[in-house]
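Participant: As a plain string of letters, each chain reads:
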Amino acid sequence: MKVRHQARYIDMAKCIACGLCAEKCPKKVPDEYNLGLAKRKSVYLSYAQAVPPKYAIDKETCLYFKKGGKCKACEKFCPTGAVDFSQVDEDKDISVGTVILSMGFRPYDPTQYGAYHYANFPNVVTGLEFERILAAAGPFHGHLVRPSDHKEPTRIAWLQCVGSRDLNHCDNSHCSAVCCMYAIKEAIIAKEHSKEPLDAAIFFMDMRTPGKEFEKYYWRARDEFGVRFIRSRVHTIDPVPGTDDVAIRYLTEDGALETEIFDMLVLSNGLEVSPQVQELAKTLGVKVNANKFADTSSFTPVATSQPGIYVCGAFQGPKDIPQSVMEASAAAAASSELLSSARFSLAKKKPVFEERDVSREEPRIGVFVCHCGINIASVVDVEAVRDYAQTLPYVAHVENSLFACSQDTQELIKERIREHNLNRVVVASCTPRTHEPTFQETIKEAGLNKYLFQMANIRDQGSWVHMNVPEAATRRAKDQVRMAIATAALQPPLVEFDLPVTKAGLVIGGGVAGMEAALGLAGQGYKVDLVEKKDFLGGHALKLNHTWNGEAVGPYVESVVKKVTSHPRITVHLGAEVANVEGFVGNFKSTVATQGRETVVEHGAAIIAIGGHSFKPAEYLYKENPRVLLSLEMDQALREKNPLVTGAQCAVFIQCVGSREPERPYCSRVCCSHSVESALELKKINPDMDVYVLYRDLRTYGLRENLYKEAREKGVIFIRFDLENKPQVVQDAGGALTVTVRDHILGLPMHLHPDVLTLASAIIVKDQEKLAQLFKVPLTNDGFFLEAHMKLRPVDFATDGVFVAGLAHYPKPMDEAIAQAQAAAARASVVLAQDAIRAGGVVAQIDADKCSGCQACVGVCPFGAIDYKEREDVCEVNQALCKGCGTCAATCPSECITLFGFSHKQIYTQVDEALEELESAMEEAAG
Amino acid sequence: MAEKEYEPKIIGFFCNWCTYAGADLAGVSRLQYPPNIRVIRVMCSGTVSPHHVLRAFQKGADGVLIGGCHIGDCHYLRGNYMTIKRMRFLQDLLKFTGCDDGRLHLEWISAAEGPKLAETVRNFTEKIKKMGPSRLKLAALAA
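If you're matching them up, the sequences are chains C and R in order.
Using the working numbering, the first residue of the first sequence is number 1, and each one after it goes up by one.
Using the working numbering, the first residue of the second sequence is number 1001, and each one after it goes up by one.
Certain hints may be false.
What the hints assert, rightly or not - In silico DSS-like pairs for lysine-lysine, Cα to Cα no more than 25 Å straight-line:
| id | chain 1 | residue 1 | chain 2 | residue 2 |
| --- | --- | --- | --- | --- |
| 1 | C | Lys66 | C | Lys76 |
| 2 | C | Lys776 | C | Lys616 |
| 3 | C | Lys616 | C | Lys14 |
| 4 | R | Lys1085 | C | Lys776 |
| 5 | C | Lys791 | C | Lys776 |
| 6 | R | Lys1085 | C | Lys905 |
| 7 | C | Lys151 | C | Lys348 |
| 8 | R | Lys1095 | C | Lys195 |
| 9 | C | Lys27 | C | Lys92 |
| 10 | C | Lys563 | C | Lys527 |
| 11 | R | Lys1127 | C | Lys883 |
| 12 | C | Lys562 | C | Lys616 |
Bear in mind the hints are in silico, worked out from the structure with no lab data behind them.
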């Protein structure tokens, strides 16, 4: 592949991100990160947390490039000489085995909605612009003000589906899948940010909150925060003369015309694929679908039409963060399956340095005080700080350096360590968050344990924030240096050690998710034990006819079962369950019980994919009348060409049976698409059949919206009802059904007489508690397995080495279950690919002599890393699982837990040193 | 005591992942705040035990500011839940023992909230300045 590397005109190796260049640059341009709501300079950092934190020059606007070699202010002021105007774009040829496309989306430009006046009214903003307005690092520092006059708004409206579900203003027939949630989130945050009570109103067609915990969030917005939800598509927006306000006119559901005035409007604009992305897809020969997203099959959700090229994120289809993260891991899994034979073949091994034993030595500390060019030295008296450090206990050497982080200073530090036999190093400069690893590496190369290092932050939290009070800044710098030296003196070398990894996986659940996860792991070369409770593989997928996309499920499941059963690295345990689990990440020993026989399976990672079940309702005459079916029973009837269905003249579907109700406050995600798909099947059998779908919000999110559109075109009738006004189902003596539902538009009850009634019942999880206890992983209130982080770690548990996939995590359609299974396999293989797990370092340790066995620490540990040993009556930290947060240490009533590097003694000492002057004054006063 | 404006001493316990990073961002953004604070970096606000805070007051700190990640954003998943529980309890305890209310302050400041960090330190320093030296310190000085 040929990759063009654009010149940034800044030498990344030299840039220290001090920002002087941007301060001096005379050219202001709109800041694209803040969507033009703020300005940046021509030389800039894309955003405050950009990684790596290195500046770049924007050639398009830079005066040097525009005015033929004039200006160069940045070059003049850069303290490290990092500006390099001679850089040119470079084309690089790289050879790769696979490609992953994660090119994202473009927010829809609402200028085309003439009636919404986005281009004319400054107080009509997009969802993403509003996001920036709310952001702490945004144009108004997180103060909620409207753009036109910076007045704090007290009335804000959100208009949904702008550039989504719309073929009038644009070609976006799809639902963008994320806008309902982001509008709710923005409304809640706006209310929280607002000093005055804020009226927040969301105008929507269907409220689509089908994600995990989303429905509850929607309810909270409505019931606790008082966000108004108005079901209406707004058609006109007018200016309010003499003000910057806007008036909106809309029709309520019962047909009344209303006008309301708002200070500000947010257009919840949708997601679409940019022309550049389409162009690149074409170059790569990747097929796109009618909505311009990458064309994928439900069974291979991250594989594009081009072998070896994978896709994840919004280019695969509009989706939210958790789904994107899952797909990212899935794409990595698919890729690494192809590349598994080449794993580590290009990896370079880090050299190992011999470590000097300093445990018996008195501390001999070297202190390096950095000028950072003029960044520190122009405010803090660095020579005075250096001289002061010289007077402190254990300090054996002090020195100033112009740039402590420069390569020659690293060499110098190593030399000084040898020369003065230093056994600890303190650097007073910038922040440990960016530079601690550099210095740790340096002292390691000089034979010191890397933890024998401390930093005093005298730039980011010193000279830069106390610029006008140099004396006070110097006093603070001295204090922070004294604190760092004192804590360094107490720092022992910390040990890191390796634990071997059993390179095998255990997958629990033999449905689609479990089988795909097993194949993912086996495909990467690992042995897998697959445990299934039933005596056959396939799970609920065996009962499904088609995916929403019309792909036949049966042949797919059959082929997967075949692959699993014939795979040489997969052992299938049927009629089996996990009876016991011992060990931890990399080293599990689980007992699998198969009809009374017990087998011990050793594995390094586990994937929980026990699936879900359909809820059996006690309403709508289910089990009382043979014409009443659940969704999967409808699939069966269709499959078997049951005359009940094929001969029907009228069919009714009732949605949200058991879902989105107080006792089950979640949306089951798949039922809307499933019912619409079955409705279309019925129309295929008999186009004259009367088919009704009774729904609360139709949640055909993403490209599934096309299915909903098709159903309406084919004459399926959709009637909405409220939770308070659920349909009534009665039967007469002959078993004929009557469904009564109040039509919202007519305002009258309608009586339907279906020959077959399908109940879209909720998806629930069963028998999950025991497994949750065995693996020490949590469940949500709704009984689903709870991942480590809903957005960023959607398949991991807080407990290392245990992962989740499929319906056990949350109801989801097959494509998403497969992507999640592949993702879980990818995450598990991160553990299994290693020969050993590195443990130790900054972790907690319990002094068994002082431990009273109270187990307070066991309860507070978020990672299940502490065990209570009953026989000895003490607690013990498993250092392989400990992440070093130290909350156990803060909880322990006898302070017998030490978090290495942040011990109680070190914290007390820092407190004491920070307050040393005061203390001596107090002692003096006390005489 | 000196007649000029009282300069209090404040101890800040900042968590590595959010508030400490927010403080770095305040620096990068050159947002100015009073130099009365001394920052101790901890891995998580949950690392701070009530004893650490009490030690600061014993040794004469006029105020203690604890900064952690927003609820739900904790790098260690739920360390900051422990922080709330501990510090609410400690605030009540301090009040019960006759210490001034408000010298122990807890704030969630993310890595992106440089302005909030600067504003928090500014406001807290101002408040403590108005309150004057802590009673513990005065008692020690008078003893």
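Participant: Please go over all the hints and tell whether each is borne out by the structure.
Facilitator: Hint by hint, here is what the structure shows:
1. This hinted pair checks out: Lys66/C and Lys76/C have alpha carbons roughly 18 Å apart, not beyond 25 Å.
2. Distance restraint check for Lys776/C and Lys616/C: the Cα-Cα separation of roughly 29 Å exceeds the 25 Å cut-off, and the hinted pair is therefore not satisfied.
3. At roughly 66 Å between alpha-carbon atoms, Lys616/C and Lys14/C are farther apart than 25 Å, so this suggested pair is violated.
4. The hinted pair formed by Lys1085/R and Lys776/C meets the criterion: a straight-line CA distance of about 24 Å does not exceed 25 Å.
5. Among the hinted pairs, Lys791/C with Lys776/C is consistent with the structure: their alpha-carbon atoms are about 21 Å apart, no more than 25 Å.
6. For the proposed pair Lys1085/R and Lys905/C, the alpha carbon gap of about 23 Å is at most 25 Å, so the pair holds.
7. Between Lys151/C and Lys348/C the alpha-carbon distance is near 57 Å, which puts this suggested pair outside the 25 Å criterion.
8. Our distance criterion of 25 Å between C-alpha atoms is broken by Lys1095/R and Lys195/C, whose separation comes to about 29 Å.
9. The straight-line distance between the Cα atoms of Lys27/C and Lys92/C is roughly 31 Å, outside the 25 Å bound, and the hint therefore fails.
10. Taking the CA atoms of Lys563/C and Lys527/C, the gap is near 14 Å; set against the 25 Å cutoff, the hint holds.
11. With a C-alpha separation of about 36 Å, the suggested pairing of Lys1127/R with Lys883/C is violated against the 25 Å cut-off.
12. Proximity of Lys562/C to Lys616/C is assessed by CA-CA distance (about 31 Å); at most 25 Å being required, the pair is judged violated.
Checked against the numbered hints above, the structure breaks hints 2, 3, 7, 8, 9, 11 and 12 and satisfies the rest.
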